[in-house]
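Undergrad: Line order of the protein sequences matches chains D and F. Count along the first sequence from 1, add 125, and you get the number used in the working numbering. Count along the second sequence from 1, add 78, and you get the number used in the working numbering.
In short, the hints are calculated from the structure, not lab data. Since the structure is predicted, the reported quantities are computational estimates derived from the model, not experimental observations. Among the clues, some could well be false.
As the list claims (entries may be wrong) - The following label-pair restraints were derived from C-beta to C-beta distances:
id, chain 1, residue 1, chain 2, residue 2, range
1, F, PHE81, D, ALA137, 48 to 58 Å
2, F, GLN264, D, PHE129, 24 to 34 Å
3, F, GLY199, D, ALA152, 26 to 36 Å
Stated by the list, open to error - Just a few of them, taken from the derived set where beta-carbon distance is under 8 Å, the chain F residues facing chain D:
id, residue
4, ASP131
5, LYS166
6, VAL188
7, TRP193
8, LEU281
9, ILE317
A virtual CB, placed ideally from N, CA and C, is assigned to each residue, including glycine.
Residues per chain, in single letters:
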Amino acid sequence: MMEFLDMGGYAAFVWPAYAITFAVIAANIIWARRLLRQAQASARRRLAARGEQP
Amino acid sequence: MNFTWFHRLGSPPYVYALAERLTPWFAWSAALLILAGLYGGLVLAPPDYQQGDGFRIIYVHAPSAWMSLMVYTSMALAAAVGLIWRIKVAHAAAAACAPVGASFTVAALVTGSLWGQPMWGTYWQWDPRLTSELVLLFLYLGYMGLRAGIEDTQRADRASAVLAVVGIINVPVIHYSVTWWNSLHQAPTVMRLAKSAMPPSMLVPLLMMLLGFTLFFGAVLLVRLRAEILTRERTSQWIREALGA
Chain D
126 MMEFLDMGGY AAFVWPAYAI TFAVIAANII WARRLLRQAQ ASARRRLAAR GEQP
Chain F
79 MNFTWFHRLG SPPYVYALAE RLTPWFAWSA ALLILAGLYG GLVLAPPDYQ QGDGFRIIYV
139 HAPSAWMSLM VYTSMALAAA VGLIWRIKVA HAAAAACAPV GASFTVAALV TGSLWGQPMW
199 GTYWQWDPRL TSELVLLFLY LGYMGLRAGI EDTQRADRAS AVLAVVGIIN VPVIHYSVTW
259 WNSLHQAPTV MRLAKSAMPP SMLVPLLMML LGFTLFFGAV LLVRLRAEIL TRERTSQWIR
319 EALGA
């Protein structure tokens, strides 16, 4: 296990590279979902506002 | 030839519903492929005979770099379709691509620099491949800045689409930069016409990562596209049904 984590002496380069890539993946999931939730909420508000007007 | 499928893809309600249905398929197949590729790349693949375990950075660097180019190409194609046929959904798709592409361009640059330090002895060089990839990041940022700077959506769509289409010239420059000029960066090992330079135990995990990242882009794009469509279709009746409001 320690040997695996050491990455043949390249641990200081390999693991940060994996960390940044998966941080980008996670950020993309979070951004996209938040964007959709916000768009849905504002569309609902617009529809509700229109519904109230005769 | 029947083009009804093309016309349906220009219809916001149809695309919204289709995107909603397709997202989980893209997301779950991407997750499975990326997990399998990670296991193959970090555990099963043997160390490189020159670079030892340092070469394993390829399993995140190459897919990120592939994303940076593939997403840009998709963005430029969608922008061109939007410009030529004046299809709103195409412009929405192009706009949805940019932040995804920009983020993976950053990942490609950072992972590349983390790979460059141990192998070339430097984090950064003004090398043709590295410089053209940095230009790609500025193209994405310029595209997003241009959109953010124009209030009217239709004008923002057209102006940013022209930028995206003109900027596509940088994509072949990046790809061929390692062949056209003397570059520190290694020549292509996978994306080439001749037989791959890698044994299957190294290549298969890489192909899984490339396909997994591509499907991940599909999933993120579909979610972002729905958000873009909702924001553009201000008051349409179909939104009421789509949201169950």
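Undergrad: State for each hint whether it applies.
TA: Status of each hint after checking the structure:
Roughly 55 Å separates the CB atoms of F:PHE81 and D:ALA137, a value that falls within the hinted 48 to 58 Å. Restraint check, F:GLN264 to D:PHE129: a C-beta distance of roughly 25 Å satisfies the suggested window 24 to 34 Å. Checked against the hint of 26 to 36 Å, the C-beta distance between F:GLY199 and D:ALA152 comes to roughly 31 Å, which is consistent with it. The interface hint given for F:ASP131 is met, as the beta carbon of that residue sits about 4 Å from the closest beta carbon of chain D, less than 8 Å.
Because the beta carbon of F:LYS166 sits about 15 Å from the nearest beta carbon in chain D, more than 8 Å, this interface hint is broken. Here the hint on F:VAL188 is kept, as its CB sits about 5 Å from the closest CB of chain D, short of 8 Å. Satisfaction of the interface hint for F:TRP193 is found here, the shortest Cβ-Cβ separation to chain D being roughly 7 Å, below the 8 Å cut-off. The beta carbon of F:LEU281 is not positioned within 8 Å of any beta carbon in chain D (closest approach about 19 Å), and the interface hint is therefore violated.
For the restraint placing F:ILE317 at the interface with chain D, the shortest Cβ-Cβ distance is roughly 5 Å, inside the 8 Å limit, so the hint holds.
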